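*Asks:* Protein sequences, first through last, are from chains A and B. Per our numbering, the first sequence runs over residues 112 to 450. Per our numbering, the second sequence runs over residues 112 to 450.
Quick caveat, the hints were computed from the structure, so don't treat them as lab data. Where hints are given, some of them may not hold.
Identical copies look the same in the list; a pair holds intra-copy or inter-copy alike.
Claimed, not checked - Straight-line Cα separation of at most 25 Å, DMTMM-like style, residue types lysine to aspartate or glutamate; simulated pairs:
hint, residue 1, residue 2
1, Lys375, Glu436
2, Lys238, Asp329
3, Lys157, Glu436
4, Lys118, Asp305
Quick caveat: nothing in here was measured; it's all calculated off a predicted structure.
Number of protein chains: 2
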Amino acid sequence: FDSEVQKQCQEHIDNLTKPPGSLGVLEHIAAKIAGITGEVKPVLPKKTCVLMAGDHGVVAEGVSAFPQEVTPQMVLNFLSGGAAMNVLARHAGAELVVVDVGVAADLPDHPVLRKMKVAYGTANMAKGPAMTRQQAIAAIEAGITVAEGAITGGTGLFGTGEMGIGNTTASTAITAFYCGGNVKAACGRGTGVDDERLRHKIRVIETALEVNRPEPDDAIDVLAKLGGLEIAGMAGVMLAAAANRVPVLVDGFISSAAALIAAKLNPDVTDYMLASHLSEEPGHAAALQLLGLKPFLQMNMRLGEGTGTALAIPMVEAAIKIVHEMASFADAGVSKGEE
Amino acid sequence: FDSEVQKQCQEHIDNLTKPPGSLGVLEHIAAKIAGITGEVKPVLPKKTCVLMAGDHGVVAEGVSAFPQEVTPQMVLNFLSGGAAMNVLARHAGAELVVVDVGVAADLPDHPVLRKMKVAYGTANMAKGPAMTRQQAIAAIEAGITVAEGAITGGTGLFGTGEMGIGNTTASTAITAFYCGGNVKAACGRGTGVDDERLRHKIRVIETALEVNRPEPDDAIDVLAKLGGLEIAGMAGVMLAAAANRVPVLVDGFISSAAALIAAKLNPDVTDYMLASHLSEEPGHAAALQLLGLKPFLQMNMRLGEGTGTALAIPMVEAAIKIVHEMASFADAGVSKGEE
Numbered sequence: 112f113d114s115e116v117q118k119q120c121q122e123h124i125d126n127l128t129k130p131p132g133s134l135g136v137l138e139h140i141a142a143k144i145a146g147i148t149g150e151v152k153p154v155l156p157k158k159t160c161v162l163m164a165g166d167h168g169v170v171a172e173g174v175s176a177f178p179q180e181v182t183p184q185m186v187l188n189f190l191s192g193g194a195a196m197n198v199l200a201r202h203a204g205a206e207l208v209v210v211d212v213g214v215a216a217d218l219p220d221h222p223v224l225r226k227m228k229v230a231y232g233t234a235n236m237a238k239g240p241a242m243t244r245q246q247a248i249a250a251i252e253a254g255i256t257v258a259e260g261a262i263t264g265g266t267g268l269f270g271t272g273e274m275g276i277g278n279t280t281a282s283t284a285i286t287a288f289y290c291g292g293n294v295k296a297a298c299g300r301g302t303g304v305d306d307e308r309l310r311h312k313i314r315v316i317e318t319a320l321e322v323n324r325p326e327p328d329d330a331i332d333v334l335a336k337l338g339g340l341e342i343a344g345m346a347g348v349m350l351a352a353a354a355n356r357v358p359v360l361v362d363g364f365i366s367s368a369a370a371l372i373a374a375k376l377n378p379d380v381t382d383y384m385l386a387s388h389l390s391e392e393p394g395h396a397a398a399l400q401l402l403g404l405k406p407f408l409q410m411n412m413r414l415g416e417g418t419g420t421a422l423a424i425p426m427v428e429a430a431i432k433i434v435h436e437m438a439s440f441a442d443a444g445v446s447k448g449e450e
Numbered sequence: 112f113d114s115e116v117q118k119q120c121q122e123h124i125d126n127l128t129k130p131p132g133s134l135g136v137l138e139h140i141a142a143k144i145a146g147i148t149g150e151v152k153p154v155l156p157k158k159t160c161v162l163m164a165g166d167h168g169v170v171a172e173g174v175s176a177f178p179q180e181v182t183p184q185m186v187l188n189f190l191s192g193g194a195a196m197n198v199l200a201r202h203a204g205a206e207l208v209v210v211d212v213g214v215a216a217d218l219p220d221h222p223v224l225r226k227m228k229v230a231y232g233t234a235n236m237a238k239g240p241a242m243t244r245q246q247a248i249a250a251i252e253a254g255i256t257v258a259e260g261a262i263t264g265g266t267g268l269f270g271t272g273e274m275g276i277g278n279t280t281a282s283t284a285i286t287a288f289y290c291g292g293n294v295k296a297a298c299g300r301g302t303g304v305d306d307e308r309l310r311h312k313i314r315v316i317e318t319a320l321e322v323n324r325p326e327p328d329d330a331i332d333v334l335a336k337l338g339g340l341e342i343a344g345m346a347g348v349m350l351a352a353a354a355n356r357v358p359v360l361v362d363g364f365i366s367s368a369a370a371l372i373a374a375k376l377n378p379d380v381t382d383y384m385l386a387s388h389l390s391e392e393p394g395h396a397a398a399l400q401l402l403g404l405k406p407f408l409q410m411n412m413r414l415g416e417g418t419g420t421a422l423a424i425p426m427v428e429a430a431i432k433i434v435h436e437m438a439s440f441a442d443a444g445v446s447k448g449e450e
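Isolated chain A, as found in the complex (with noise of 0.2 Å):
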């Protein structure tokens, strides 16, 4: 990360035909992508939604409202365009790739599937580890071979969305961990569980950190017992990026878990970070606080699949235009303000 380049594009948009510091959120997106690419005006990104697939074995707990093959349906409705991610990848202008990393059934092949399944879901954590340290591992590096066979192919940005019935009780977890514990304070509906539901979950959730007893310095071993496949996928994503100096998107709750693994394992990760949505899950803000990342959409969301970061794409290309197409006040000719 340069910031030396990221000051440089902050001095070019503090002398355009504006208020210092008026455009917010779009400049701050700007400056980073600067210091992330090294460019002072970036160019235009071509974008990437990668969107991890994985099971849960703790669904045999009845953690949640959908059953475990909507996993695999979900995914053909990926392949068939007709999901939300596919409507909201299509209008960014985003290339779509859907990665089954742990999807429990077997798929058929489409130019859209990258099949790189470790396993056939994970194990139940409530009983144990959910993947061996093995798993966990070639989880993450399926995700990196994936983003960096996209950035060869020119992606200059990513989103980051998963698919996996019963994420939400093992980012429930992940997060909880790295937050002091408190699942009952992390813990939402997911795809909307009742109150009683709600309850059996925190208790499962709280089964899972007693039973495995993750070791806090060592991101690996909390992913492989708490986490999912698709969740290691994307941490795989993430790290790739940053180490190719490309920007990438957190959605919302579950892959605010992945960021916190990959952070986790490098630091510097976060610098490469850019939040989208805040999403119904109450666990996310803390996650993203923990992160050092302001989502700026507040759509009330709770999906995946990538959407937040879908609809956060149109917003970093018009940060990216605000420094190549606006004037400044000499080109203008428009008089300053007050210093």
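The hints should help you fit chain B onto chain A, whose structure is shown.
*Replies:* This is chain B only, laid out in the frame that chain A set:
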């Protein structure tokens, strides 16, 4: 406003492949536009952003960080395409119409500029009414004329923006008047005044309220005494949009002051309004709350010009595309969750 069609649109959305309500604000926007237009599946609209420009006599009191000459200078910048709003309107695919409804200088002929000057700026509201009643009505009518012309030309979505040095002072007076009279709570730094000038600005507005004592039940009286020609013009756009069942986006603080006037003239108008961003100006949240509108962009912006509405346009389009393009549970063969 057709609440039955709104309900039918929401029922359609509830059958799409996602947990009920999980697209939050996007669902709300789509259903509201259905109710506004009477179409269960509203068509993607042609977008027009109307930028009203006018000057303020109260700048003689020294309430702004920029001199009054910046208003016509910025109008020229809009005409040559170099301002933030030009960049963001182009990005949103929206036509930008600039209206001189009260700039205190003569402006050149230009295809983008509508010359509808009612006066060379308002009078100083710290000494007496900013406008005559006739001027306020003429400026509202100018907005109605511009909006109706745009609707005839196919516009199906309006953004509302403005330029006018001193207009946060007028907007603070209107907002404070309607929100209980606390000028200090509603008053912000506008284009960027320092602490001393902020205290002075508050005193000037308090003086204007004492000198003018508007009639609370007569919105034209409030507008004439405390408002601005561009604020009246924006209120006219909002009234005409509502009368023609066209949704209209509210921008920042000045736009919300115009929306307060429009809503006092006809409370039904808010059914046709959509909020966009939450401005840094402290009075904006209070005005939006009074209007019953919830902003969904938190960009920390305070530029005006309609910039928040331009950024909101891709969100509105995304909401409409969701209605048209997403698969239903039945179509996609995805299992429904528990009810």
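*Asks:* For which of the previously enumerated hints does the structure constitute a violation, in increasing order of number?
*Replies:* 1
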